[in-house]
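Colleague: Here is how the chains run, residue by residue.
Number of protein chains: 4
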Amino acid sequence: MSHRPTINASVSPKGTLETLSQREVAQLSEAGSGNLYQLFRQCVLAILNTGARIDNAKTILDAYRDFEVRIHQQDRGVRLELLNAPADAFVDGEMIAGTREMLFSALRDIVYTASELENQRVDLNSSAGITDYVFHLLRNARTLRAGVEPKIVVCWGGHSISTEEYKYTKKVGHELGLRNLDVCTGCGPGVMKGPMKGATIGHAKQRHHGGRYLGLTEPGIIAAEAPNPIVNELVILPDIEKRLEAFVRVGHGIIIFPGGVGTAEEFLYLLGILMHPDNQELPFPLLLTGPKSAAPYFEQLHAFVGATLGEAAQRRYRILIDDPAEVAREMAKGLKEVKQFRRERNDAFHFNWLLKIDERFQRPFDPTHENMAALQLTKDIPPHKLAANLRRAFSGIVAGNVKENGVRLIEEHGPYEIHGDHQVMKPLDDLLQAFVKQHRMKLPGGAAYKPCYRVVGSGA
Amino acid sequence: MSHRPTINASVSPKGTLETLSQREVAQLSEAGSGNLYQLFRQCVLAILNTGARIDNAKTILDAYRDFEVRIHQQDRGVRLELLNAPADAFVDGEMIAGTREMLFSALRDIVYTASELENQRVDLNSSAGITDYVFHLLRNARTLRAGVEPKIVVCWGGHSISTEEYKYTKKVGHELGLRNLDVCTGCGPGVMKGPMKGATIGHAKQRHHGGRYLGLTEPGIIAAEAPNPIVNELVILPDIEKRLEAFVRVGHGIIIFPGGVGTAEEFLYLLGILMHPDNQELPFPLLLTGPKSAAPYFEQLHAFVGATLGEAAQRRYRILIDDPAEVAREMAKGLKEVKQFRRERNDAFHFNWLLKIDERFQRPFDPTHENMAALQLTKDIPPHKLAANLRRAFSGIVAGNVKENGVRLIEEHGPYEIHGDHQVMKPLDDLLQAFVKQHRMKLPGGAAYKPCYRVVGSGA
Amino acid sequence: MSHRPTINASVSPKGTLETLSQREVAQLSEAGSGNLYQLFRQCVLAILNTGARIDNAKTILDAYRDFEVRIHQQDRGVRLELLNAPADAFVDGEMIAGTREMLFSALRDIVYTASELENQRVDLNSSAGITDYVFHLLRNARTLRAGVEPKIVVCWGGHSISTEEYKYTKKVGHELGLRNLDVCTGCGPGVMKGPMKGATIGHAKQRHHGGRYLGLTEPGIIAAEAPNPIVNELVILPDIEKRLEAFVRVGHGIIIFPGGVGTAEEFLYLLGILMHPDNQELPFPLLLTGPKSAAPYFEQLHAFVGATLGEAAQRRYRILIDDPAEVAREMAKGLKEVKQFRRERNDAFHFNWLLKIDERFQRPFDPTHENMAALQLTKDIPPHKLAANLRRAFSGIVAGNVKENGVRLIEEHGPYEIHGDHQVMKPLDDLLQAFVKQHRMKLPGGAAYKPCYRVVGSGA
Amino acid sequence: MSHRPTINASVSPKGTLETLSQREVAQLSEAGSGNLYQLFRQCVLAILNTGARIDNAKTILDAYRDFEVRIHQQDRGVRLELLNAPADAFVDGEMIAGTREMLFSALRDIVYTASELENQRVDLNSSAGITDYVFHLLRNARTLRAGVEPKIVVCWGGHSISTEEYKYTKKVGHELGLRNLDVCTGCGPGVMKGPMKGATIGHAKQRHHGGRYLGLTEPGIIAAEAPNPIVNELVILPDIEKRLEAFVRVGHGIIIFPGGVGTAEEFLYLLGILMHPDNQELPFPLLLTGPKSAAPYFEQLHAFVGATLGEAAQRRYRILIDDPAEVAREMAKGLKEVKQFRRERNDAFHFNWLLKIDERFQRPFDPTHENMAALQLTKDIPPHKLAANLRRAFSGIVAGNVKENGVRLIEEHGPYEIHGDHQVMKPLDDLLQAFVKQHRMKLPGGAAYKPCYRVVGSGA
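Chains as they are written, first to last, in my numbering: chain V, 1 to 460; chain R, 1 to 460; chain Y, 1 to 460; chain Z, 1 to 460.
Since the hints were made in silico from the structure, they are not lab data.
Honestly, I wouldn't trust all of these hints.
Identical copies carry no separate label here, and so any pair may be met within one copy or between two of them.
With a straight-line Cα cutoff of 20 Å, these simulated SDA-like cross-link-like pairs (lysine to any residue) come out [stated by the list, open to error]:
#1 K356 to G129
#2 K171 to E94
#3 K339 to R79
#4 K171 to P189
Make a model of the complete structure from these sequences and hints.
Modeller: In structure tokens form, the structure reads like this:
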């Protein structure tokens, strides 16, 4: 691990891009506010690690301990100096243009996030305030484009899937691209990359030059799921909840491919929102799809939703097996309804203001053992609240599996305990065990999976 | 005046432009924060009044008392609804695209300025804080383009000049355009428009498609100097001092055409800055030019500078009479030195960080009778401080001539009294009287000029 | 005249432009087919002479006797080497981009014309064959753009007009530009330039970036009417008849400004065509306009048409005095009818196939004394045939005034004699004398006008 | 086969594209010159068949017997009406943009080729005349772009290769794309498509928007090797020899992937040219590459070249096994030499004028039994002449395998007989048998290969 090839380089943004004030340059320098520098360094390292196959944040950070990034203000604008950078991001000594672009996106987002938090206007204590904050972050990243018809399709799913599943995501992406639809994912390999690659070919065939490959990430996950260089718009949201809100406010429809517990978290997040009474009328195309081999996975998930959240929840999505063209057609149809709905209600095409997101879904969930144990997972609460709690449970498990702080907590205190009544705990236990059996709970390093949780009460 | 043709219209930004959050829309609506609405309404009215020949803010505001602008959030983004709008801004019922663009620039700047002032980061109590604020306003307006070589030429001068002088500014603009230089002015007619028109033709001949016609204005002056629709980048700075700072930080060289007391204010502002000891080495091309008939005007000004600020001040500029090509050549030569200097010092091409602006020049000067009377106009203070005070004196006179609050103060309390020692007051009095004789102190309405000041002590 | 400033330069086309085969390069070199070289040299010289105020072809050719152009094939394509070139086409030693572009347009057209004439397919003996030839020349010059709605407005008029008339053409051009209409003229100064300049400003205000300023010329006239650098599409047609056909097939409407006998020729050419029975239904907006001072000119012309061709001819145009906005509005209205008509008949927007042009109008008219004397100018032939003959008479007078061969013929044989019956000859004589009185028959050099014709039979 | 899904559609070119004269429209209509219509119909059908997996021209033509294409002139230009068209070219009823583009490329080339043949200038009897003709066809197709540095990499190889080989071509394409190189192939699937797909992804990562995917084909092969829709520049040359000349004059370097006898033909064509004494100094990067499994194929080919043409021939190429990045690096290095060479010799970057192509390689070879039998395949002629004859032999075998006329001849007269001396015939026989063994002689339909030739004299 210690002998990975590295390179020293100096990069400037191509064309007229970001400009920084002297104060911002100072803030980002190592001597400046240390936190900001650390955050920036970590994101840059993740972006540069784009070609490598490591998906363990800790491993990457360890592998390039002596990596440094320095920021300079020069005649032509900002310049980054990179020392001991991963060689993968370079072709014959020159940085890949897409990678270079993303470095400056990271710069932009980190500077803006820091600046906004000093802004008294930002009110993170109210639901509206949080949404406003997400809006401003996205606007500053030029993600919000007025006047463009709804066509951003979010693709969720595992970053570590089978070759067959990966190829399937490429095919779906190809069909989306042939219909001039854009693709938004959480960055990273697997489902995050396949649809973008496919869409690139589809867009090329359609001579569609402005195709958007939007990657939404957050500092806590970027190292484990490095954005692939096809991503031509990268936004780093400050935390997982802002990132999830960005997905559902900016995306016009969502496709869920096979994945693990992280995918389940995202699915439950969305279901919980869509089940909120205020959102009953609101169209939101949601498709679950995969190759034939993934059918059991979706059956299991479908059964879990039925058992815990009920039929109403099941009616918010459609499962389509092994039919990429039909998936794209169905999505295109759904997007037309979205367009019609927003036009009638005067809602913006570029930001889903009308979607009601309960504060429960906006607040960061800190996956301490105490918080995990306190989750109310019973059928006597309204389904959209149960969905919120299940989402948190999955979120905790993801943290325990791959996130730095979660992994450390598990190392210290042992597995989380999750409580609840039998009607919920039994299906949950079944689902998680099926994930393990289907090898969807792989640890980053590839080691055999040792659960970071214990379901308690399922036998009650 | 009461029967000007008006029109009702609904306009959307062309292409993907500004997006607003729900909060911002609410703020700007009439029911919202009243101040912001009033400010926005006034700017919109000024922009729409673009074709008309009135340059009296009060008259315009009176003429369209029932003008209203409403802001709506819709599927394709923001839409403005205009009621009883001046018909001049429309061609066969459709708004001129350049005018439409400027409406949304006004929207952008007013929203941003309001938002920034709530930002704790903004520190208007320090010189560096004010500069940072100006930087952020310009960056938000996308005025700062990294990587572009120095080529923004600021043109200052009167908005109400003779036909011969106007034609001369067009010729200079043409020569600038032929050399692919960009033009920045304070918006409005006269010198603000001539160089842009000329440059447009020059750029067309050179097939230069990205020519920039940058207009920097402020709410207090925009009504009197409505931006002409050639301006393809409009920025509304919050006050006169921010606007002046924007000119000298963003412009790479300055040409001064004949003008009145406002032009003299700008000239002294710049001289005062350039004479600061810290700026001694800093190249800043500054040319004074006009047709043959304007020679006496520049001689007068030159003599005034010599008498009050001395020879060192005179060395910072060059006077060129009746030679548009030479003006452009000289400017191009000066810009090369600017480029060289910034490259060596690692200063940004897009923002003149190295230019030292004393806080005196950054603080708004409130032209009360008391403040005007207190100005120290004596030769025993350093020239750059004397320049600052002279600048303020001229600023007060401009306000007394054309600005809403200034005019009202004069109406209430009579003319300002300006004090100082004979060595300064005599040349000042001479200059002002020459302005009156040369018809450079015309009042907006065209009435005979009645001075808004009395020079006291010139006889001492 | 012998000491005009010259410059040596080497120019390449900007961007990816024309490529030549080895055979074509050889053809164009001085050693190659001498004729082609001479033709090319003459056109290049005319284009370079763009800024100068000489409009006498002979004078220009004499002034730059030692001018040479050499053509080289290089790694990056064709390069032109210019020796002793007029310095006017350069700004600080660099050729104006628009001028450079036009040099390569000349190259393109001369090479293509030469090549086409070797093509057996080209049939210059039939009317359809000539039209096909014009189509191919225009297509090769990329003038024909499919899918674009009718908006090319041809402006005809004198190249040597009063300042007031010139300003008026600028205003009309401005109004056309504000309506996003394109301008096509015959190149050169005066009416050829004013509308383009005005439209450039209008287009800039409307942020219309693809504005077309189309110049159609021919080798015999280009030296006398050098294209101004605003022309961004230059096409050199092989002779006057092809050029006139190009105007009416490519233009969607025509505005006639004041001019002299050349303008009258163009006007009669068009009237003669529009009066052909086959064109009775075909809409073709034709407006005659000028400032107030030009009213008598148009009255004279109108009377002449009434007296010779009759009321039906008068109904094909409208005269509008001193109202630029109304001219543009009327033209826009007319263009809508053209669009509607072509849509219904499936005729191309980009080429007016349906316009019937009698072979009489397509055949070059050789203005020998014999041919001029033989013109049948009597009222007993159908009006559209009389129009054709009147057109030829004017064409001969233009040649006798300014064209190389015509001038020589007059020098040798004295003035042309024009015969006809009184009803035609009287109005003709009146018109021509009015032109002389109104100073519309100025000779290029500015000398007093000495008629190159004698009207015979007007006294009958 | 009779029930393939079809569709009726009407398509127009996107944007401003091709325009046709009335005469050209008439020529192309079914009632017009029948030959041209048939040719056009066949090309259109091939292009539409793009998605299907049939590569047998006859089968395709049979499958869509009732397919018709009608050409209409309309207001917005040319429109094609398609009856009973293959449904594969459409997505949800709309034609894929790339496919649509190619239809109009076919139109352009067929019209131009027909027109040029009527041009007396075209001299197909001399070598220079043929080259000039190829130049004009390519220029008309806008393939020749002046001023662009050498970066067109031609990829040759089989259209029917193993999955492993196909993936390898994608990887090489990806590496080429990452270095901003363009890809040119002969259209069709397999090696024709893989590098383009890979380069598309590479270009996307490098944000390289103008990537060229150039497909050169000819009417005789287009049906069997339909262009895939990634091809963004399609040129239909009139016959195989013009197409081969286009490849070597327009391409700056060539990569040969595994293929069959067609690939061998191309390889020998190029070797024969490069071995001409006049080309000794001329750099022309030529790389043979494939995955590990393809190593024996290249060894066989290399041995065959050594045995027949000698070591000098072997020195003109390099074999690289299983190293896509090294292939791209080596090519990039070679292109630099090409650039240097053309700069020094003043040869155009866009057309390899200096490459000497012997007339033998330019003349069409008609693969009759008589011509095949008459080929002189002996070692006593100079190697570049032997290469020419071997090329013809392979050409005949390709015709006998897949081309309409060749297949018919074989059906009628039995296999070709190829004669020669043992030193040539033995290696030839070995090579061909190896091709059969390696399944590189597959017949379009997939049937077992029955040789269309007999090697005679190899036993001598």
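Colleague: Up to 20 Å between alpha-carbons, please classify K171 paired with P189: within, between, both or neither.
Modeller: Close inside one copy (16 Å) and across copies (18 Å); limit 20 Å.
Colleague: Please sort K339 with R79 into within, between, both or neither, judging by C-alpha distance up to 20 Å.
Modeller: between (42 Å within a copy, 17 Å between copies)
Colleague: Given identical chains, is K171 near E94, meaning Cα to Cα at most 20 Å, within a copy, between copies, both, or neither?
Modeller: between (31 Å within a copy, 19 Å between copies)
Colleague: Using 20 Å as the alpha carbon limit, work out where K356 and G129 are close: within a copy, between copies, both or neither.
Modeller: within (13 Å within a copy, 39 Å between copies)
Of the numbered hints given earlier, the model fails none.
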